[in-house]
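Q: For reference, the chains in residue letters:
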Amino acid sequence: MAEITAAIDETGANKLLDTVIALIPPQSASGSDNLGPFLASYSVTASLVNGDVDLIPPDIIRLEELRLNWSLSLSIGIDLSDILPDFCLPQVCVNIPCVGRVCTPRICIDWPTITVPVSFSDFVKADADFRLQTSLVSGNWEARAIIVGVPNLQFGLTTAALLAAIGLALTPILLAIPFIGPFLAIAANTILAAIGIAGLTGLLGPILTPFISGMQIPIYDQPRVFPVLPAQGAVDPQVDILIDAIAASVANSDGEDELVLTADISA
Amino acid sequence: MSLTEAQEVFASVHEDALNDLITAFCTDRPRYLVYGSPSFVPVTTVSATAIPAIPFPGVPGGINWRIVLGIPQIDLFDQDNALPPELSMGPGQFSGQIEVELCIDCRRLQIDPKDPRPFDPRRGHKPSDDRPRDPDRDERDHPLSELTCFKLRVFLLGHLQRVIAMGGEDAVALVVDQVEIVDIEPDGLESFLECLLFMVLQAALAEIRLPLRALRAGAFQLIPVVGPLIEDDQIKMRGNV
Amino acid sequence: MTMTMNDNMLDSRALGRTDCYAQRFMRPGRYSYNILPSHAAAFNDDRPFMIVVEGGGKDGEKGQKKSGRKPEMVQHNVIVKGTGARFVPDERKLTIAVGDLVLWNGPGAKSSPFAVVGDQDFFDSARLTNECGYSHAFGAPGEYHWKDAYGSKLSGVIKVVDPQCKCEADVHKWRRQLAEGSVVMIADGKAKPEKVEVAVGQTVFFAVVTTKKPISITDERLLDYAAPVC
Numbered sequence: 001m002a003e004i005t006a007a008i009d010e011t012g013a014n015k016l017l018d019t020v021i022a023l024i025p026p027q028s029a030s031g032s033d034n035l036g037p038f039l040a041s042y043s044v045t046a047s048l049v050n051g052d053v054d055l056i057p058p059d060i061i062r063l064e065e066l067r068l069n070w071s072l073s074l075s076i077g078i079d080l081s082d083i084l085p086d087f088c089l090p091q092v093c094v095n096i097p098c099v100g101r102v103c104t105p106r107i108c109i110d111w112p113t114i115t116v117p118v119s120f121s122d123f124v125k126a127d128a129d130f131r132l133q134t135s136l137v138s139g140n141w142e143a144r145a146i147i148v149g150v151p152n153l154q155f156g157l158t159t160a161a162l163l164a165a166i167g168l169a170l171t172p173i174l175l176a177i178p179f180i181g182p183f184l185a186i187a188a189n190t191i192l193a194a195i196g197i198a199g200l201t202g203l204l205g206p207i208l209t210p211f212i213s214g215m216q217i218p219i220y221d222q223p224r225v226f227p228v229l230p231a232q233g234a235v236d237p238q239v240d241i242l243i244d245a246i247a248a249s250v251a252n253s254d255g256e257d258e259l260v261l262t263a264d265i266s267a
Numbered sequence: 268m269s270l271t272e273a274q275e276v277f278a279s280v281h282e283d284a285l286n287d288l289i290t291a292f293c294t295d296r297p298r299y300l301v302y303g304s305p306s307f308v309p310v311t312t313v314s315a316t317a318i319p320a321i322p323f324p325g326v327p328g329g330i331n332w333r334i335v336l337g338i339p340q341i342d343l344f345d346q347d348n349a350l351p352p353e354l355s356m357g358p359g360q361f362s363g364q365i366e367v368e369l370c371i372d373c374r375r376l377q378i379d380p381k382d383p384r385p386f387d388p389r390r391g392h393k394p395s396d397d398r399p400r401d402p403d404r405d406e407r408d409h410p411l412s413e414l415t416c417f418k419l420r421v422f423l424l425g426h427l428q429r430v431i432a433m434g435g436e437d438a439v440a441l442v443v444d445q446v447e448i449v450d451i452e453p454d455g456l457e458s459f460l461e462c463l464l465f466m467v468l469q470a471a472l473a474e475i476r477l478p479l480r481a482l483r484a485g486a487f488q489l490i491p492v493v494g495p496l497i498e499d500d501q502i503k504m505r506g507n508v
Numbered sequence: 509m510t511m512t513m514n515d516n517m518l519d520s521r522a523l524g525r526t527d528c529y530a531q532r533f534m535r536p537g538r539y540s541y542n543i544l545p546s547h548a549a550a551f552n553d554d555r556p557f558m559i560v561v562e563g564g565g566k567d568g569e570k571g572q573k574k575s576g577r578k579p580e581m582v583q584h585n586v587i588v589k590g591t592g593a594r595f596v597p598d599e600r601k602l603t604i605a606v607g608d609l610v611l612w613n614g615p616g617a618k619s620s621p622f623a624v625v626g627d628q629d630f631f632d633s634a635r636l637t638n639e640c641g642y643s644h645a646f647g648a649p650g651e652y653h654w655k656d657a658y659g660s661k662l663s664g665v666i667k668v669v670d671p672q673c674k675c676e677a678d679v680h681k682w683r684r685q686l687a688e689g690s691v692v693m694i695a696d697g698k699a700k701p702e703k704v705e706v707a708v709g710q711t712v713f714f715a716v717v718t719t720k721k722p723i724s725i726t727d728e729r730l731l732d733y734a735a736p737v738c
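Protein chains in written order, with the working numbering: chain A, 1 to 267; chain B, 268 to 508; chain C, 509 to 738.
Heads up, some of the hints might be wrong.
With the Cβ distance kept under 8 Å, some of the chain A side facing chain C (calculated, not the full set) [what the hints assert, rightly or not]:
| no. | residue |
| --- | --- |
| 1 | 90 |
| 2 | 93 |
| 3 | 94 |
| 4 | 96 |
| 5 | 97 |
| 6 | 99 |
| 7 | 100 |
| 8 | 102 |
| 9 | 103 |
| 10 | 105 |
| 11 | 107 |
| 12 | 178 |
| 13 | 179 |
| 14 | 182 |
A few chain A residues that don't get close to chain C, going by computed Cβ distances all over 10 Å [claimed, not checked]:
| no. | residue |
| --- | --- |
| 15 | 19 |
| 16 | 25 |
| 17 | 28 |
| 18 | 34 |
| 19 | 47 |
| 20 | 64 |
| 21 | 117 |
| 22 | 121 |
| 23 | 122 |
| 24 | 133 |
| 25 | 140 |
| 26 | 151 |
| 27 | 152 |
| 28 | 163 |
| 29 | 214 |
| 30 | 234 |
Think of the hints as simulated: they come from the structure by calculation, not from any bench. C-beta atoms are modelled at their ideal positions from N, C-alpha and C, and glycine is treated no differently.
Chain A on its own, in the form it takes in the complex (with noise of 0.2 Å):
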């Protein structure tokens, strides 16, 4: 029989991973990836909220619509020559009252390779398996509930949000362009369908799927030498005992899943 049980039901569980959860500092990522045919480079920050919690016999604690919270900015480089047709003012030739005909050459021009830059913010939902897990690391005793397997992130609305927000930012940047007039909506089509919700995805489950799928929830983290009471004066030193063992499991008794750790301690 374990010297010490402690036990959590899944209303518990459920308050215990919300504090949990949201003491994880948000995490961030930058780097470039492809979007669609163009070059992206993006930071991201993102922080978890709690799910709704259900626990499996024997280790398995479920978080059902774990929701992660990202803001991204991106910054698209798109080259305008890669998608719009060449383009060349012809010659212009006007007559010179005494003097004659002048005529300017063809002047083609190359269209430039615009920077555009979206910032995004919205949220993803996933459910995960995380398995307990107890070690002891430098002295701790840790308990962590880790996740099983890479959740499938299904981005639902989220990327035609993002592909508007990528259109609004684009329109300014396009408008800026000499002779794109009468191609902004070439362009600006065009962009956006190279870009594509397959794009998006393609892009975001990469950069987001790390934040959930290296997720590790802290359930328990005591030092070995556990202090029962502190010093209270010359005369009263501080009190310690020894955690000796700790394991953490799901257990199922009269048909309520608890989260139960128990631990041995010696004197």
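Assemble chains B and C onto chain A, guided by the hints.
A: Structure of chains B and C alone, referenced to chain A:
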């Protein structure tokens, strides 16, 4: 029944772990087991707590005594350890056994041949250096000073009480309800010693305040709603996050 | 390659890729020149390139007037190639006849604005004087109020309208429009017409016939923050 029953969080500590906690307390703070008057314990240290001597007219400095308690061994209900027939452990109670050593500094006093002086409560009586002595008689009947001790095994019954530990933490303390010393005669002496040790153990054990956090080894936050209860050789608590 | 509005500024002192500078040479002779980054003429006295003007007899124009024949003007185009701040013409030495017109254009994508700086006062794209011109194709809609950066009263407005292409037919129509240029004649300190309306992409040719002092055709927004010039 589930562990948490109608509450969200459950915590229990088995009597073995409770004894480990008490042992840790008593090992790290032995002064809560050792009490002595000035000739034994001049000042309180980590090892021992100074207490006054028992004042008595004509005994210079009073009667010096010492009491040394062993580390109590607690048995939570259900009963596992045998108890004297006078003690009967019920639900919600614990029993305990503890070794107690009582010592007294037994000294020969010199009688002052001069006129008895009125008792001055401020000064007490002091032996005068110029008073004659009979050294032969001193050595023959009783040594000048002799440490006289005896040990007893004391059985006790008690219950738990929620208290606040220093620092404001929720804690439990052991409350002694009854003390029994076996086979001392005359009965009056047994009763006397039982009463003395009842008071001593009540006070001493009340100082061992074990935070609820320690009773669950720091696992899960728990605001107690039910307990602490003693049952199944454990202290149990139930509450909410 | 990136292109911003700065690449399409209306300023004869700083020739961009959609600008042309034209100069007519009315007397025979050897006219050396350089092509320098705009506003940098004072920093370089080298004139490594040359226009050789031949014909017209010993007294040139006077001879032509005597003969009563009006010379047939021939246009010669010089393409300026540039990387960064270094520019070279496609022909370092160009031989033309008296009365011919030379037109410089620098379509180099990676070049910064430039100026054609000759060894004689009349031959300088940054300081337009006589028998010369400057053309600019307007890349974005808006009203372009231009002034002479050297302080004369000369000014005008070019209104550039969006062609509002909604369908392919509109685009075809617009593209045909691009071949039609407009002319602003500048003579005796006046621009005619003072106001011109064109569509995005169309070219306006500023023909400088005579001026008492050198002038520029400069978007007045540039003068709001530019250092004063003399």
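Q: Confirm or reject each hint.
A: Verification of the hints:
1. For the restraint placing residue 90 (chain A) at the interface with chain C, the shortest Cβ-Cβ distance is roughly 4 Å, inside the 8 Å limit, so the hint holds.
2. For the restraint placing residue 93 (chain A) at the interface with chain C, the shortest Cβ-Cβ distance is roughly 7 Å, inside the 8 Å limit, so the hint holds.
3. Residue-level restraint check for residue 94 (chain A) holds (minimum Cβ-Cβ distance to chain C is 4 Å; threshold 8 Å).
4. Restraint check, residue 96 (chain A) versus chain C: the minimum CB separation of about 5 Å is within 8 Å; hint holds.
5. Checking residue 97 (chain A) against chain C: minimum C-beta separation of about 7 Å stays under 8 Å; hint holds.
6. Interface hint at residue 99 (chain A): satisfied, since its Cβ lies 6 Å from the closest Cβ of chain C, which is below the 8 Å cut-off.
7. Annotation: residue 100 (chain A) was flagged as interfacial toward chain C, and the flag holds, the nearest CB pair being 4 Å apart, inside 8 Å.
8. Annotation: interface hint on residue 102 (chain A) holds; nearest CB of chain C at approximately 6 Å, less than 8 Å.
9. With a least beta-carbon distance of about 6 Å to chain C, the hint placing residue 103 (chain A) at the interface is held under the 8 Å criterion.
10. Annotation: interface hint on residue 105 (chain A) holds; nearest CB of chain C at approximately 5 Å, less than 8 Å.
11. Look at residue 107 (chain A): its Cβ gets to within about 6 Å of chain C, closer than 8 Å, so that hint holds up.
12. The restraint placing residue 178 (chain A) at the interface with chain C holds, with a minimum CB-CB distance near 2 Å, inside the 8 Å limit.
13. This hint holds: residue 179 (chain A) has a C-beta 4 Å from the nearest C-beta of chain C, less than the 8 Å allowed.
14. Hint status for residue 182 (chain A) relative to chain C: holds, with the closest Cβ pair at about 4 Å, below 8 Å.
15. Every Cβ of chain C is farther than 10 Å from the Cβ of residue 19 (chain A); the closest lies at roughly 50 Å, confirming the non-interface assignment.
16. For residue 25 (chain A), the non-interface assignment is confirmed: its Cβ lies about 38 Å from the closest Cβ of chain C, beyond the 10 Å cut-off.
17. The beta carbon of residue 28 (chain A) is kept farther than 10 Å from every beta carbon of chain C, the shortest such distance being approximately 29 Å.
18. Distance to chain C confirms residue 34 (chain A) as a non-interface residue, since its nearest Cβ pair spans about 21 Å, more than 10 Å.
19. No beta-carbon of chain C comes within 10 Å of the beta-carbon of residue 47 (chain A); the shortest separation is about 36 Å.
20. Residue 64 (chain A), annotated as away from the interface, keeps every beta carbon of chain C farther than 10 Å; the closest lies near 48 Å.
21. The non-interface label for residue 117 (chain A) is consistent with chain C: the shortest C-beta to C-beta separation is roughly 15 Å, beyond 10 Å.
22. Distance check on residue 121 (chain A): its Cβ is at least 29 Å (rounded) from any Cβ of chain C, clearing the 10 Å threshold; non-interface status holds.
23. With a minimum CB-CB distance of about 30 Å to chain C, residue 122 (chain A) clears the 10 Å threshold, and the non-interface call stands.
24. Residue 133 (chain A), annotated as away from the interface, keeps every beta carbon of chain C farther than 10 Å; the closest lies near 52 Å.
25. Chain C leaves residue 140 (chain A) outside its interface by the beta-carbon criterion, the shortest separation being 54 Å against a cut-off of 10 Å.
26. With 10 Å as the threshold on Cβ separation, the claim that residue 151 (chain A) sits away from chain C holds: the shortest Cβ distance comes to roughly 40 Å.
27. Against the 10 Å criterion, residue 152 (chain A) stays outside the reach of chain C, whose nearest CB is about 39 Å from its own CB.
28. Consistency note on residue 163 (chain A): stated as away from chain C, and its beta-carbon is indeed over 10 Å from all of that chain's, at 23 Å minimum.
29. Every beta carbon of chain C lies more than 10 Å from that of residue 214 (chain A), the smallest distance being close to 38 Å; the non-interface claim holds.
30. With a closest Cβ-Cβ approach of about 74 Å to chain C, residue 234 (chain A) is found to remain outside the 10 Å limit, as its non-interface label requires.
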